Every structure is written in structure tokens, then in C-alpha cells.
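Q: From first to last, the protein sequence lines stand for chains A and B. Heads up: the first sequence at position 381 corresponds to 380 in numbering that gives the first Met the number 0, and the numbers run straight through without jumps. Heads up: the second sequence at position 45 corresponds to 44 in numbering that gives the first Met the number 0, and the numbers run straight through without jumps.
Hints in this document: simulated from the structure, not taken from any laboratory. Please read all numbers here as calculations on a predicted model, not as lab measurements. Even for Gly, the Cβ is constructed at its ideal location relative to N, Cα and C. Careful, some of the hints might be misleading.
As the list claims (entries may be wrong) - Partial chain A-side listing against chain B, Cβ under 10 Å, derived: (1) 31; (2) 35; (3) 37; (4) 39; (5) 40; (6) 41; (7) 42; (8) 43; (9) 45; (10) 46; (11) 122; (12) 283; (13) 284; (14) 285; (15) 287.
Chain by chain, the residues run as shown.
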Amino acid sequence: MHLTGLPLSTLLALGAVFGALTVALYILKLRRRPVAVPFSRIWQQVLRDKQATTLFSQLKRLLSLLLQLALLALMLLALGDPRTTQNLVEGRNMVVLIDASASMKATDVAPNRLEVAKREVTRMVEGLSGSDRMLVAQMDASIRPLSTMTNEISDLKSGLEAVKASDTRADLRRAMSFALDSLRGLGKAEIIVVSDGALGDLEPIAKELDLSKVKLSYVKVGTSSKNVAITEFSVRRYPLDKSRYEVMLELTNTNDEPANVELTLLGDGNVVDVTEIALRPQESLARFYQDLAGASRTLEASIKLADGKRDDLPADDRAYALMPERRRARVLVVTEGNTYLEAALLLDEYLDVEVIAPAQYPPAQNFDVTIYDAVAPVHDPKTGPALYLAPPAEGSPVELGRSIEMFGFDSWDKKSPFLAFMAMGDIQVAAGHAFKPSKDQKVVGASELGPILVSGTRAGQRFLALSFDPRNSDFVLRVAWPLFVLNTVNAFVEEDTSYISSFRTGQVWRVPAPSTVDIATLIEPNGKRRQVPVKEGRAFYLGEHAGFYQLEAAEAPPLRFAANLSDLQESRIAPASELALGATKAGTVGDFQVGVRREIWLYLLLVVIAVSIVEWVSYHRRWTV
Amino acid sequence: MSLFDVFKRAHLPVSRRFSQRPSADEELFDDDFQRKLEMLAMVSRRVFAGRMRAERRTKKKGSGVEFADHRKYVEGDDFRYVDWNIYQRFGKLLVRLYEEEEDLSIYLIVDCSSSMGFGDGKKFDHARRLCAALAYVGLANLDRVTIVGVSDGELVRMPATRGKGRIFKVLNFLRELEASGTTELAETLRMFVAQHKRRGLAVLISDLYDPAGFEGGINMLRFNKFEPFVMHIVDPREARPELKGDVRIYDCETGDERELTVTAAMLDKIGQAWEQYTQSIERFCASRQVPYFAASVDVEFEELILQVFRRGGFLR
Numbered sequence: 000m001h002l003t004g005l006p007l008s009t010l011l012a013l014g015a016v017f018g019a020l021t022v023a024l025y026i027l028k029l030r031r032r033p034v035a036v037p038f039s040r041i042w043q044q045v046l047r048d049k050q051a052t053t054l055f056s057q058l059k060r061l062l063s064l065l066l067q068l069a070l071l072a073l074m075l076l077a078l079g080d081p082r083t084t085q086n087l088v089e090g091r092n093m094v095v096l097i098d099a100s101a102s103m104k105a106t107d108v109a110p111n112r113l114e115v116a117k118r119e120v121t122r123m124v125e126g127l128s129g130s131d132r133m134l135v136a137q138m139d140a141s142i143r144p145l146s147t148m149t150n151e152i153s154d155l156k157s158g159l160e161a162v163k164a165s166d167t168r169a170d171l172r173r174a175m176s177f178a179l180d181s182l183r184g185l186g187k188a189e190i191i192v193v194s195d196g197a198l199g200d201l202e203p204i205a206k207e208l209d210l211s212k213v214k215l216s217y218v219k220v221g222t223s224s225k226n227v228a229i230t231e232f233s234v235r236r237y238p239l240d241k242s243r244y245e246v247m248l249e250l251t252n253t254n255d256e257p258a259n260v261e262l263t264l265l266g267d268g269n270v271v272d273v274t275e276i277a278l279r280p281q282e283s284l285a286r287f288y289q290d291l292a293g294a295s296r297t298l299e300a301s302i303k304l305a306d307g308k309r310d311d312l313p314a315d316d317r318a319y320a321l322m323p324e325r326r327r328a329r330v331l332v333v334t335e336g337n338t339y340l341e342a343a344l345l346l347d348e349y350l351d352v353e354v355i356a357p358a359q360y361p362p363a364q365n366f367d368v369t370i371y372d373a374v375a376p377v378h379d380p381k382t383g384p385a386l387y388l389a390p391p392a393e394g395s396p397v398e399l400g401r402s403i404e405m406f407g408f409d410s411w412d413k414k415s416p417f418l419a420f421m422a423m424g425d426i427q428v429a430a431g432h433a434f435k436p437s438k439d440q441k442v443v444g445a446s447e448l449g450p451i452l453v454s455g456t457r458a459g460q461r462f463l464a465l466s467f468d469p470r471n472s473d474f475v476l477r478v479a480w481p482l483f484v485l486n487t488v489n490a491f492v493e494e495d496t497s498y499i500s501s502f503r504t505g506q507v508w509r510v511p512a513p514s515t516v517d518i519a520t521l522i523e524p525n526g527k528r529r530q531v532p533v534k535e536g537r538a539f540y541l542g543e544h545a546g547f548y549q550l551e552a553a554e555a556p557p558l559r560f561a562a563n564l565s566d567l568q569e570s571r572i573a574p575a576s577e578l579a580l581g582a583t584k585a586g587t588v589g590d591f592q593v594g595v596r597r598e599i600w601l602y603l604l605l606v607v608i609a610v611s612i613v614e615w616v617s618y619h620r621r622w623t624v
Numbered sequence: 000m001s002l003f004d005v006f007k008r009a010h011l012p013v014s015r016r017f018s019q020r021p022s023a024d025e026e027l028f029d030d031d032f033q034r035k036l037e038m039l040a041m042v043s044r045r046v047f048a049g050r051m052r053a054e055r056r057t058k059k060k061g062s063g064v065e066f067a068d069h070r071k072y073v074e075g076d077d078f079r080y081v082d083w084n085i086y087q088r089f090g091k092l093l094v095r096l097y098e099e100e101e102d103l104s105i106y107l108i109v110d111c112s113s114s115m116g117f118g119d120g121k122k123f124d125h126a127r128r129l130c131a132a133l134a135y136v137g138l139a140n141l142d143r144v145t146i147v148g149v150s151d152g153e154l155v156r157m158p159a160t161r162g163k164g165r166i167f168k169v170l171n172f173l174r175e176l177e178a179s180g181t182t183e184l185a186e187t188l189r190m191f192v193a194q195h196k197r198r199g200l201a202v203l204i205s206d207l208y209d210p211a212g213f214e215g216g217i218n219m220l221r222f223n224k225f226e227p228f229v230m231h232i233v234d235p236r237e238a239r240p241e242l243k244g245d246v247r248i249y250d251c252e253t254g255d256e257r258e259l260t261v262t263a264a265m266l267d268k269i270g271q272a273w274e275q276y277t278q279s280i281e282r283f284c285a286s287r288q289v290p291y292f293a294a295s296v297d298v299e300f301e302e303l304i305l306q307v308f309r310r311g312g313f314l315r
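Start from the sequences and build out the full structure, keeping to the hints where you can.
A: Spelled out as C-alpha cells, the structure:
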């Protein structure tokens, strides 16, 4: 037996002080309250009887004092934190990584893999020895510690209760890095991975991590792999006919047996199409639904086995998509007259175009986009983002440089949405100016003589400026011209052809949002609202659940979008029987004995409480007084 | 307001006649108490008129006013008692004999020791009320009533008095008594019998908590030809005092101390010892034909007085 708490000398000193105090209080307690009686002779007989038991009474009083001193001794011993020699071994420091990825929602074990994993960890927590410490963390697309490194069973259990499965894949690399950081410098370090083993390619992870100083353990959860999944789902409207759309969908059978599935496509909750598809073992089958008509905003695909049974992972049996909104953009053209410009705008029937003379600017109404043709009046923010064509020096959003002649686009930003699908190298310009953009303005296209296409922000609104009059070039005679105009309008109204119909869970989403706000409100599929940051017109959020989301920012109309799991790795739910990170092969977990706490001081305190109760009862029942 | 009240007020100083808040002693013998005394006096006469008649009348014939008999004239008889009507009719000299009346002396001995005033003083108040009631009944019967307070081996005495109108003197005397000192019945009553040669009924009103024993005092009365009447004032609360835990008890008279821890079992034993003590007093009185009456403080004094009347031995 060894004392691991206060040293013996301190305990003896405390014992002397408190022992003396106890005896003093005991003596004080014996000073009795004086009480008058009318005739003491009546008490004489009784007192004479008591005389015979005086010695016994004194012994009983002594017993009371001894009980109190015993209490004191037990408490001091508890402060000493005595441990048996065999229990003096160094405790383990463990980080338990609970896989909460989508595959852990599989129901091949009741009620599902995650609940079984939590039960396993609970059993470990209850079996912690007195010197063991544990940290519980949830592992999905991110790593989320749910407790501190502690041996408090209640803290660990409450942390376990907070584990919730997400619709993402597990990021083992990040989780292992976190675990190694948590265990750095601690003895008997151990990482316990509680998972179904669907953790992706482990080789790169093994190369990055140094597992030489920790013990790696693996607790397998799950039994079977029966699953058919929707692994891709995308939808978009046709750019020039927004009343029609096409759908791309991919199904994967992760079984080793063929499967017949019934695919149902819903538009705004109404059935659009039902198809039965036969899938061979491990087959992925892509399907396109082209030229679908309808006014639906939301699309949902769901599959079920044709025999009516459910597969083991319902999470990937549904996929969601949201089509770009079919709304007419209001375009204002400020010009003295430009046939090429007006002709290009006529190509999109979903544009409401209004042409005004420069003298009529600004108009009374609001517009989504304004095109200034060789004019640059003071921009009114209510007329939206602007496209400047050959802006005059006075009022130009970009400072005009020298005049240039006979030039073309020698370089341009091929990823710019303004120039999508366009070949700019063939354009020849007779005369124009070179821009002198400021630092916060971006050059989208330039000739050897200087920038000629610049984007930026003016009065809180985005703009694009072209330094020459297109009529002084062959630009207006090329296919690129209407594409340029429509790309610019679509980019300004966020209806470009690269619209994403759904996001993938487990990734950081960059959702379009008004550039004038810093914070937006995101409403999750379960109705939960959370604040997300907005930077440069994009809201950033690490999405973890599939379904329909809504983004609300300032006075802008709410933006809806969808998110899907669409992850083949997570759909392959066959549990891995072992976990090997390079040369390190995970072993089984160590010794956890439920109900064993090797801390004697706890039992000492229990004895103190018991003795206190005995002393209290015996005193008040006058046994020891 | 009764005639009694008017009479009482007339005897009070002017400053006290209209007092709105009577003192504690005034409350002891308040108007209600005095009305009850009147009632008790009337009831005593009505209830016991037949039964108790002549119990205390003397058989001596003498100079009373009530005719009793005739006898022959002998020399030396007073001529005034010769019945001249008989002589005229029968020619014989006969002398009229009258019943000689003798007034009873009642001694009301009140124990004024500290034990009587123990606690809230209920026993002492009760004793004084009983004493006042007995005195009033005695005064109403034209008996000679003497009240004696005994404590610390000393006597405080109100001289013998007679007649209902003297009740206020009695009440004032009782008001001024205080409960203090020790109980020494034998010694005190020895002084009492030495000072009072005229024998009579001696009512001892006491809790009989005498460290030297109650027997000595009663025997002192008996042996000196008094007719003792023991009115034992008892407070049942003393049989089971509200004590608990570690205490140091001390006798309120003698100051004797003792440390002990009071338990429920001990309280039971105390109750038994108190009962035994009370019973020993009753047995002692019964064996010596001394009228004994236990007056509990929980019983109203008028009820107790009526019980005394029913029991007999006090009124004639």
C-alpha cells in the first residue's frame, strides 16, 4: 500500500491538529445545560439505578469519541489517496475516435452501427481503472472532441451521448492527427478507432503519421454489406430554355450479388418518373433524363429494392437537387442606340430589356443589370451590377490610359464566368483605350498594349468594363459577342450555366450570397438555424447532412439549395475486419473491467459516511451518550 | 356589576378603582374569581345543609340562644335562667338550658416554598385560589379563619378573622405571599402549633416536596390535636418534564446538582417515581385517617372546591 496523495508527514500533522480539535470539541460537548427541577428527591431513585451503570456509560461515551476519531483517521487516509502496489502502474491515456460517418447509419446491427459503437465505448468507459484517462471524439468530415482527457465517467458518458451520425465520410487523417496531438508527451498512449472500417485509402495517411509511440486499437462495428446507393445526382435547366431541364443520376450496387432497384424521381413532391433498374454486382450505372419539362423547383430521387426489402444503409437511398430559379432578369440598356447589343439580348427570352437614352438615367424602377454603351453616368445602385462598353474618361469605373489601335485579346481569364465557352484570341479591334486598373480591380482580358477588360466593384455593385466600342471591332460579328453579353448578365444575376444543383456533404460549401453582408443565416434540413460567415459574395459552411437548405441574408430573397451524400466510399459499407496504417496494424482493445475503480479513497469516503450515520444514529438514540 | 364588585371597588384606592389593566396578582383574584366564591358559598350551604348539620356543634349546654332542655334548680344557679312560667303552672323550679355554640377555627396553611412557584408558578396560584375559596366559605359560615404562609422554616400569618366581609383582607394577604425558600414542614408546623393554642381544622395546602419528608409536618398537626386536612397540589407536568439530552439538573430549593442524560426510558422512570411519591402521601394520610385531597392544577379550582365539599370533613 502506498500513499499517492498527501505525504505521510502532512497527514500526521493534520491528524494531530484535527484530533486535538475533535477531543476539545468532544469535551465542550460534555458541558451540560443546567435545568431546574422542583424536587430532586424524585430523581434520586432513577439516578441511583443509573449509578450502577456509570462505568458502562463512560465506556459508551468513550466509544462516541473513538468513533469520531475513527472518522477523522479515515478522512485523512482518503486524503493520502492510498493505492495498492499492483495498482501503482502508470495509467493509460486513450483517445477514442468514434466513426460518425454516413456508413455508421447502416442498420445491419440493431439499432444501427453508431449506437453499437457507443455501447462499446460506454463499456470501455465503465471499465476504466482509477489511473486511466480517456478522451472521446467524434470522427466524421471533421474531428469533434466530446470530452477532455479525463477519468470522470460521467463526463465521458455525457460526451458519448452527444455523438450524432452525419452524412459525410470519415476523415481519418485529420482524426489521427488530432489524436496524436492530444497524446503527445503522455505515457501509455493509445488510440482506439471504433468504426466499420469504411475509411477510404489508408496508405497516404500511414505515410503522413508517425504511429511509433502510440498503440493503435480497432473495434469493428457492423456485419454485412447489402447496399445500393445513389452515388451521383445532378440537374440543370437548359440555358436558353429554362422551362426544360435534364437530370444525371448514377446508381451503384456495392453488393456481390445483382440487385433490382426501383428508381423514383419526384418533382416538388410529385412523381415525375418511376424506373426499375437491374444492377450487376459492384456495378455503377449512370442514367440521364433529358429534356424534361415542368415547373418544378425541387427534385428528389429515391431508390428501393424491387423485392420491397430495404438495404442496410438508407442514408444513400435518397438524393436531392434544386433547379435554378426560373425568373426574368430585368436588364437596363443606356445607349444612344446599339443594334448589336439589343440583338444579343433578344436571344434570351427570360430577359426583360429596357432601352433608355443616357439623359433618362437614372430610371425610377429597379434593375438586375445595367449596360452602359459609351456612357458612364453616376451609377445608381438600384440599377444593379453594370457592364460598361467603351466608357468615357469622365465617369469610367476604371481609369482610362492611352489610346491604342489594332489590338486584340492576347490573354484572358479562361475561368472567368464572363468568358465561358468563348474563344477571344480571334477578335480584332481597330481602336480603343488601355485601362489603368487599381489594385482592387481584376484584369479579365488584356492585349499586349494593356488591360482591355476589367472587373471590380463600384458603389457596392459589381461591374465589368470593356475598354473599346465593340462596333470598332469584329467582336460583334462573332458568336462570342452574344455569349459575352449573356454570360455577363447571367454572372451578374447568378444564373450562369455552371450553377450547382446540389452540394456534396463533407465539403466546405461556397454558397452564393449578397456581397454586402458578412453573416447569413442557414436553415438546415432539420429546421435548425445557424449563422454562417459570408466573404466576397459566398457563404462558407461545412455541410454534414443531406437535404434541402435555405440561406437567408439581409434583404435578399432566400436562396435554396440541396446537398447529397453522393459518396461511393461511404456507400461501400462492408465492415473491414482489420485496420492497418502502413506497417502499424491495429490490435484489439485492452483490459476494461466494468465496475472496478481502483481508487481506495472512494471506498474510504463511503466508510466515513457509513460511520457518520452510525455515530449520528447512536448519538440521537442515546446509545453512545 | 354585582354588589360584590361595587363593594370591592369601594375598598380599592381611587387610583386603582378604574384601572383598565389589572396586575398579575389582581388577575389571580379577579371579578370572575370573586363571583365564583359567592357561588361556592351558596352552593356549600344548599348542598350540605342537611347532611352536615351538627357535625361540628358542641354537645355542651350553656349560654347560647337556642333552647335545649330543662333541669331542676339547684343552689347556686343563676335566677335569670329559672323558667318562671313552669313554676307558675306546675310549681316546680326548673332552669332553662341552652345549647352552647362554639365557632370553628380553620387554619389554612399555604406552602410558600420555591417548588410551589416552579415553572410558571401555576401551583402557587392554584394553591392561593383554593385557599381563598376555602377561606371565603369558612368566613361565610362565621368560622374563625386564619391563614398561614410557611416557607424557609418561618411563618407569615394573617390573624384570625370572621365574617364574609373580611374576604378582601384575605385576598390582599394572599396576593402578598411569594414563593421562595425551602420546604421544612416539620419545623415550620412545630412553630405553628406552638403559636396557635386554639385547636381546629388545619388545611395544609402544599405540593409536599419536603426533602426531610412530608410525614413530619402532618404528624406535627396530628400529635397536637389539630384536625389535619391535606390538600396536595399536584402538577402532572412534573411527572414528565420536557427534558432531553445532556443536562445538569438542580433542585430549585436546595440547589443540589446532578449531571445526567435524559432519555425516554429515564423519563418513564421519573414518571413512575413521581406516581409512587404521590401514592405514598395518599397511603400515609389514609392510614392515619387524615383527609387527603389531590388538587391538580389542570382542574378548575371551583370544581376542586365542590369535590372537597362532597368528600366532607371541611364544612360543618
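Q: Hints first: check each against the structure and report whether it holds.
A: Verification of the supplied hints:
Here the hint on residue 31 of chain A is kept, as its CB sits about 4 Å from the closest CB of chain B, short of 10 Å. At about 5 Å, the closest approach between the beta carbon of residue 35 of chain A and any beta carbon in chain B falls short of 10 Å, and the interface hint on this residue holds. The interface hint given for residue 37 of chain A holds, since its Cβ lies 4 Å from the closest Cβ of chain B, which is under the 10 Å cut-off. Below 10 Å, beta-carbon pairs count as interface contacts, and residue 39 of chain A has one with chain B at about 4 Å; its hint therefore holds.
Interface hint at residue 40 of chain A: satisfied, since its Cβ lies 6 Å from the closest Cβ of chain B, which is below the 10 Å cut-off. This hint holds: residue 41 of chain A has a C-beta 5 Å from the nearest C-beta of chain B, less than the 10 Å allowed. This hint holds: residue 42 of chain A has a C-beta 6 Å from the nearest C-beta of chain B, less than the 10 Å allowed. Below 10 Å, beta-carbon pairs count as interface contacts, and residue 43 of chain A has one with chain B at about 8 Å; its hint therefore holds.
The interface hint given for residue 45 of chain A is met, as the beta carbon of that residue sits about 4 Å from the closest beta carbon of chain B, less than 10 Å. Of the supplied interface hints, the one on residue 46 of chain A holds, with its beta-carbon coming within about 6 Å of a beta-carbon of chain B, less than 10 Å. A least Cβ separation of about 52 Å between residue 122 of chain A and chain B goes past the 10 Å threshold, and the interface hint is therefore violated. Because the beta carbon of residue 283 of chain A sits about 88 Å from the nearest beta carbon in chain B, more than 10 Å, this interface hint is broken.
Hint status for residue 284 of chain A relative to chain B: violated, with the closest Cβ pair at about 90 Å, above 10 Å. Evaluation of the residue 285 of chain A hint against chain B yields a violated restraint, the C-beta minimum of about 91 Å exceeding 10 Å. With a cut of 10 Å, the hint placing residue 287 of chain A at the interface with chain B is violated, because the nearest CB-to-CB distance is about 95 Å.
Hint compliance for this structure: hints 11, 12, 13, 14 and 15 are not met, and every other hint is.
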